[in-house]
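> What follows is each chain in one-letter form.
Protein chains: 2
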Amino acid sequence: MSQSKAAISPRRAENFPSWYQEVVRQADLAAMSHVRGCMVIKPWGYGIWELMQRELDQQIKDRGHDNVYFPLFIPLSYIEKEAEHVEGFAKEMAVVTHHRLEKRDGRLVPAAPFEEPLVVRPTSETVIGETMAEWVQSYRDLPLKLNQWANVVRWEMRPRVLLRTTEFLWQEGHTAHATEAEAVAETLEMHQVYESFARDWLAMPVVAGEKSPTERFPGAKRTYTIEAMMQDGKAVQAGTSHYLGQNFARSAGIEFTDTDGARKHAYTTSWGASTRLVGALVMTHGDDDGLCVPPAVAPHQVVIVPVLRDSSPAVLDYANRLAEALRAQRTRFGRVRVHLDNRATRPGDKKWQWIKRGAPLLVEVGPRDAESGTVSFRNRFEPHRQQQLPLSDFVTSVGEELAGLQDRLLARATDRLDEGIRRDITTREDAESHFREDGAGFALAGWCGSSGCETGLKPLGVTIRCLPSHLSADATTCLVCGTPSNHSAIWGLSY
Amino acid sequence: MSQSKAAISPRRAENFPSWYQEVVRQADLAAMSHVRGCMVIKPWGYGIWELMQRELDQQIKDRGHDNVYFPLFIPLSYIEKEAEHVEGFAKEMAVVTHHRLEKRDGRLVPAAPFEEPLVVRPTSETVIGETMAEWVQSYRDLPLKLNQWANVVRWEMRPRVLLRTTEFLWQEGHTAHATEAEAVAETLEMHQVYESFARDWLAMPVVAGEKSPTERFPGAKRTYTIEAMMQDGKAVQAGTSHYLGQNFARSAGIEFTDTDGARKHAYTTSWGASTRLVGALVMTHGDDDGLCVPPAVAPHQVVIVPVLRDSSPAVLDYANRLAEALRAQRTRFGRVRVHLDNRATRPGDKKWQWIKRGAPLLVEVGPRDAESGTVSFRNRFEPHRQQQLPLSDFVTSVGEELAGLQDRLLARATDRLDEGIRRDITTREDAESHFREDGAGFALAGWCGSSGCETGLKPLGVTIRCLPSHLSADATTCLVCGTPSNHSAIWGLSY
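Protein chains in written order, with UniProt numbering: chain C, 1 to 495; chain G, 1 to 495.
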C-alpha cells in the first residue's frame, strides 16, 4: 500500500461517522452483534478496556473505595421510589417478566411469570441504596465508599458501536456521607479523577464542568462531567459524577444516628465511566490509517513482525532476543508490553493490521537486521516513516519513545480542543450558521440561566455540554436570548 | 472472648449449614439481597474473588486465550438450536420480554414487548457460537481461544449464598479447533489449570475426573470436573471443562475450509469457574472461629490493629513503620498486602472481626511493642496463640510465615480429603447406611457403567461426582448392582 493511499476508507474528512465505523471494524475493536443494540467487544478492544480498568480501579481504590457486587435485577418497586429517577429511565429499561421456558405446541414460550417484574439495572443507585440502608446505622458507619464494575442495560433505539449500546460495561461508584460538604467533596474528587485519568492515560483533554439542570442525572442535585471533543467537533460525555443530596437516601431510607444522637438521612454520590471511552479514544486519536492507541493503554506497545513469511531461525531468534530485552525495560507505563506476531500471515498484511489497530511501535525484523544488529521501526504517529537504530539503543530508548508518543498524542488533541473552542459565536444567528456546518466544535458563550434558553438550541441538536470550571466566555450576553448572561457555557453537538 | 468459646455459633459439628451461613455473614463475605436468589458480594468477599480472578486470568492468558465480551441477552432462537442444551437450561432461564415501562392508572407496567423474547445468558455457548461462525472461515482462523468474565443467571428455587445463586459471576472460556484431538487437549489443559489453581492458590485439594453421562453439561460430549470435599463430607463442583465435539459448531454453523480444501465443522470446548469458589473456600478452611483465608488470596495478608482506642502517636508511628517495612517484602505471593486498621472501634472488636474474616496474620501493636521494638502476632491457624518477635525478625520472616500458613492449610485439607475418601463402601447396603449419616465423605467404588446404576442412589441424594483420573477403587463390583464394574467412581452428596 503506497503512502498516498489511506488504509481506511472513507477518510475522516469525507464521512466521519462512516470512518468511525470502519476504524472500529478494521482495528478489531468491537462489532454490533445480532442481538439488537448489543455489541461484541473483540480482543484488541477488550485489551484496551482492561488497561483502562486496571488504572482507574487502582485510582478508585487509592481513594479508599471498596469494590463490591450488587444484583443485576432491580424490583420495580425500588425504581419507583425516586420519582425523577424512574422518569429518566422508564423509556429504556429492559424488563424481566418470567423465569422459565416451556414447550407449548412445539415452541418454547416464557412461563412462570413474576408477581412483580424485575428491571435489568440501567444504573444501581436504587438497589445499592436499599442495602446501604441496612449497612448504615450510625455516623461510625460513614463514609461508605463502594464501587462496582458491571454491565448495565439501557434500551437504545439508535445504537452506535462502543458509544451508545443497549448493554455496556462500566464502573459505578456509590458513596454515602454524614454531611453535605463531605458528599460534595467526594463528587468533586471523583470528577477530578476522571479529568486527570482522561488526560494522563487516554491523552484525551477534556472540558470539565457542571451540567445545567436538564442535563443532570435523573434524581441528582448536581452533575459534573468531562466533555471530550471528537475530531468532528462533537462532544462525548466521558465520565460523570453526581451529587445526589438526600434524594436517594430518603427514598431508600439510608438513615444514621449522628454524633448528637439525632437521626439523619445520609448524603450520597454516584459516578461512572464506561466502555464508551474506547469509542472516544478512536475519535480522538484515529487518523486515515486507523486507530492510534496511546501507549498507556495499548495492550501491545511494541509489535514485532518478522518480514519473511517463512522466518529463518536466525530472524526468529533475533526477534525473540529483542522482545526479551524490551520486556525487561521499565517505562512510565510499567514494563514494556511486547508482542511477537508470528502468525502464518503475509508480513505486509500483518504490518497494516497493526497500523490500523494502532500499535504504538511497530518493528519489522528481516535477515539484514539480524545480521547487523539493528532495529527497523516506525511509530504510529508517523506510520510511513521507518527509522533505524542499533538494538541496544532502541531498547534503552523505548521508554522515551513511548512517552514521547503519548505526549505528542496529548499535545495534538489539546491543540485541536483549544482551536475547537470558539469564543466568537455570541448570538443565536452566529450559532445557527455555525452549527449547521460539520466539524463545528464548541461555542464558549454566555447563558442567562433560564430553562427556555438552556434548551433553546435543541432544534439544532445543540445543548449546553457543561458550565466549565476553568474557562470563561468573552461574551457577556446569553447566546440564545441576548440578555446579560449569568454563566459561561460550552454549547455543542454531542454523541 | 475466652479461648473456650468459639466466635461462630453454631459450631461446625452442631449444624454445618447454619455454621456456613453464619461464617459468610460474620466474615462480611456476602449476603442474600432482597432480589430473590441474588446476592450482594461485600468488600472482603469481593476482594478474595478479585485475587482469584487476577491469578486465574493470568493463567488463562498465559495459555494463549484472549479476553472478550459478548452480549448478556440471547435470542430464544439461538438457544433453541441445540436440543440438549435448551432442555438443560429451559427451567431456569430469566426471560426479558419488554424494553420500556409506562404509567397506566398510576402504576408502572411493562410496555413495548419484543417479537422474540430474549433470555438472560445462563452460559454463552450459543451466543458466542453465532459470532465464531462469522470469525472462522479457514483453518488459518483456528484455534480461536476466547474467555470472558461475566455475570450469568440461572433461576434458583433454593438459593444458597455464594454456592447457588440466581446470578453469579464467573469466567467462561470458549474455544474452537480444527481437530478433535486439539479440542480434547484444550479441554484437558484447562481442566488441569483448575486442578492446580485450586490446590496451589486456594489450598483446596480436589478429585479430578470425568463426569458420567447424566452429569455432563447439556450438549457436551465429555465434561471434566474438579470436585472438592467440604468439611461435612459433601462435594462442591469447583470448575468444569467441556469437550463439546461438533454439537455447537453444527447448530451455530462454525465451519471452516481445511488445508485439504474441504468444508468442516469446528470442534469446540468451554470451561468455567465461578464465585462459588469463595463459598467452597469457606467450607474448606473455616473453623469455629470463622473463616481462614489462604494467604495467596487474602486481600490483607497482615492486619495491624493498634491496641489502644485512642492510639498514641508513638504507637501509630510504630504501626506505620511496621506496615511500610512489611509492604517492601516480596513473598511467594508477591508483595505483602498489609492493612493498618485505624478505625475508631474497640480494639477487641477489631481483633475478633479480623479473626472471623480470616486474615492470615494479625498484629496487635501496643505501647510496650513500640518501646521494645517487638511485634506481637497470631496466625489464623492458631488464633488463640500469640507469638512475639523483634520487628526486624518478623519482617524478614513474614514471607515464610505466610507460605507456612498456606502449606498447612493445604496439608490439613488434603488429610481431610484423603481420610474422607472411603474405599470400604462396596455394596448398596453399605452406601445406604453410610450416606444416611452426616459428614459422609466420598465413596470410591465401582460402577458397572449402566445408566440405571448411575442414578441408582439418587433417592439418597448421592450421585457419581466423577470418574477420577488418578484414583482406582479397590472394589471390582458396581456399588449399586453388584455386577463387575467397568469404572472407578467417586460417589457422594453434593452442594
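Quick caveat, the hints were computed from the structure, so don't treat them as lab data.
Mixed in with the good hints there might be a few duds.
Any copy, or any two copies together, can satisfy a pair, since identical chains are not distinguished.
[As the list claims (entries may be wrong)] Calculated cross-link-like contacts (lysine-lysine; reagent style PhoX-like; alpha-carbon spacing at most 25 Å):
| hint | residue 1 | residue 2 |
| --- | --- | --- |
| 1 | Lys145 | Lys61 |
| 2 | Lys458 | Lys81 |
| 3 | Lys91 | Lys103 |
| 4 | Lys221 | Lys145 |
| 5 | Lys91 | Lys350 |
| 6 | Lys350 | Lys145 |
| 7 | Lys81 | Lys103 |
| 8 | Lys145 | Lys264 |
| 9 | Lys103 | Lys264 |
| 10 | Lys221 | Lys81 |
| 11 | Lys81 | Lys145 |
| 12 | Lys264 | Lys221 |
| 13 | Lys61 | Lys350 |
> Give a verdict on every hint.
Status of each hint after checking the structure:
no., hint, verdict
1, Lys145 with Lys61, "within (10 Å within a copy, 32 Å between copies)"
2, Lys458 with Lys81, "neither (30 Å within a copy, 47 Å between copies)"
3, Lys91 with Lys103, "between (31 Å within a copy, 10 Å between copies)"
4, Lys221 with Lys145, "within (19 Å within a copy, 47 Å between copies)"
5, Lys91 with Lys350, "neither (45 Å within a copy, 47 Å between copies)"
6, Lys350 with Lys145, "between (46 Å within a copy, 19 Å between copies)"
7, Lys81 with Lys103, "between (37 Å within a copy, 14 Å between copies)"
8, Lys145 with Lys264, "within (18 Å within a copy, 53 Å between copies)"
9, Lys103 with Lys264, "neither (53 Å within a copy, 32 Å between copies)"
10, Lys221 with Lys81, "within (16 Å within a copy, 49 Å between copies)"
11, Lys81 with Lys145, "within (22 Å within a copy, 45 Å between copies)"
12, Lys264 with Lys221, "within (18 Å within a copy, 60 Å between copies)"
13, Lys61 with Lys350, "between (39 Å within a copy, 22 Å between copies)"
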